[in-house]
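Use these hints to put chain B onto chain A, whose structure you have.
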Amino acid sequence: MADHDSLSFTAEHEWVRVDGDIATVGITAYAAEKLGDVVFVELPAVGSPVASGTVVGEIESTKSVGELFAPVNGTVTETNDAVVASPELVNSDPFGEGWLIKVAFTELPTLLTRAEYTALVGE
Amino acid sequence: MTDSTPTEKYSPLHQIHVDAGASFTDFAGWQMPVRYSSDLAEHHAVRTVAGLFDLSHMAEIIVTGPGAAAALDYALAGKISAIGVGQAKYSLLLTPDGGIVDDVVVYRTHPERFAVVANASNRFPAAAALAARASGFDATVVDESDEIALIAVQGPQALAIVESLTRVDGGLVLPVAPGDLKYYWSTLGSYLGEEAMVGRTGYTGEDGFEIYVSNDRAARLWNDLVAAGTDRGLVPAGLASRDTLRLEAGMPLYGHELSLHTFPVQAGLGRVVNLKKEGNFVGRAAVEAGPPEGARMLVGLRAEGKRAGRADYLVYSGDTEVGVITSGALSPTLGYPIAMAYVDPGVTEPGTPLFIDVRGTRIPATVVPLPFYKREAK
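Chains A and B, in that order, give the protein sequences.
Residue numbers are given in the working numbering: position 18 of the first sequence equals residue 36, and the series is strictly consecutive.
Residue numbers are given in the working numbering: position 105 of the second sequence equals residue 103, and the series is strictly consecutive.
This is chain A alone, in the form it adopts within the complex:
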């Protein structure tokens, strides 16, 4: 069980785990629940530069399409091949095996705390 208190969050319903200069990014359980069963995930190429707040990928469910925003400026160092092969991991383990990308960042922007995110979604 991940310690969600150590995670940061964005208003776009993503979580960020900071380890040194690497940010691991996924979508929250709240976002996964709202999307429904995820059936397709498109992630940026490893090595591509990303800019905070821009769309870098897509998360599609049977019902709708969600966008993956980069929460930080930086370079993609790793993507989760397992989730591309098995998109349902986003639903079954959004904070764990359902992680999406890792980004090497230079500066960390201000993100939401868990309490702030929880207040945002009202749950």
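Incorrect hints may appear among the rest.
Residues from chain B shown here face chain A by an in silico Cβ test under 8 Å; the list is partial [unchecked claim]: (1) 37; (2) 238; (3) 305; (4) 308.
To give a feel for the contact side, a few chain B residues facing chain A, derived at Cβ under 7 Å [to be verified]: (5) 36; (6) 38; (7) 242; (8) 304; (9) 312; (10) 327.
Treat the hints as calculated values from the structure; they're not laboratory data.
C-beta atoms are modelled at their ideal positions from N, C-alpha and C, and glycine is treated no differently.
Here is chain B on its own, set in the frame of chain A:
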């Protein structure tokens, strides 16, 4: 009124859905279950076993009287007077200009009584049109939507589940055994001593039943069906799975494939309009004249990969825009993306190669016949 917030409506089964962990969506002002656990699991359950749907938001408009059949012949596109007691008929409520006010199912419950089941989103326009069109006939139109609940059991096990409720002490008493009901027939009986109508109808492409009861019997019926069906694999199913099921079955959804500005023939529903019936009916002249030259026609599209075209995505032939998608999803049963789209008349032939603009990327797609999915005949 100072409060402009629209009133949220709740099904008589709302608390049951809350207790079952459902997520809700607004559908025409109703808070209805969109899913209980998984859209895909609920979809597959209906295709392989059975699913239970709360459709209490649907509208039931009752037309009675010596002139009821004639009134409906005038009000609707089909020859309603030709159906027998117990029979059901899919029909259209047309505008005078040949567009579609709503698509409905009409059940003839008695010689002089019909139940017109309309979409929740079109309840008031449909009821108003029926009342206005019946005014010259010896018929009475009453909107009973607020008193009637609708529960659908759909899937290969639906018959066995409904049958089990008709056994001694099962509560459901029907003059016709469920297994003897033919597709698009219905029977009027009782459930726990109150009137119940059971139709062999549905909106999923599977065998199944739709059961109409009073609101105060709905929770008991739902629970009885769950009790009878759980061991067989029955699961409650939400509107998300209903949408992918009907899409695979090529069934139109009002607001997507059908609108006030859609001619029946464009939607592939020309057969629903009976131009041979005697007498006038609303929309007849316009339908006889047909849609304007070059009007787009509804087709099925099949694509490769996993990315689905969605409603309002544009369709191209080469670099030329030739149409727009009305519904689309990655088909849970078939495993590839499917969509219904209105396209120019020159590109409707099955096999025609087209492209779908999926958020800036052109995905190759092929025109295919509808429906995408058809259950195997028994």
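* Asked: Tell me, which hint numbers fail for this structure?
  -> When the structure is compared with the hints, only number 9 turns out to be violated.
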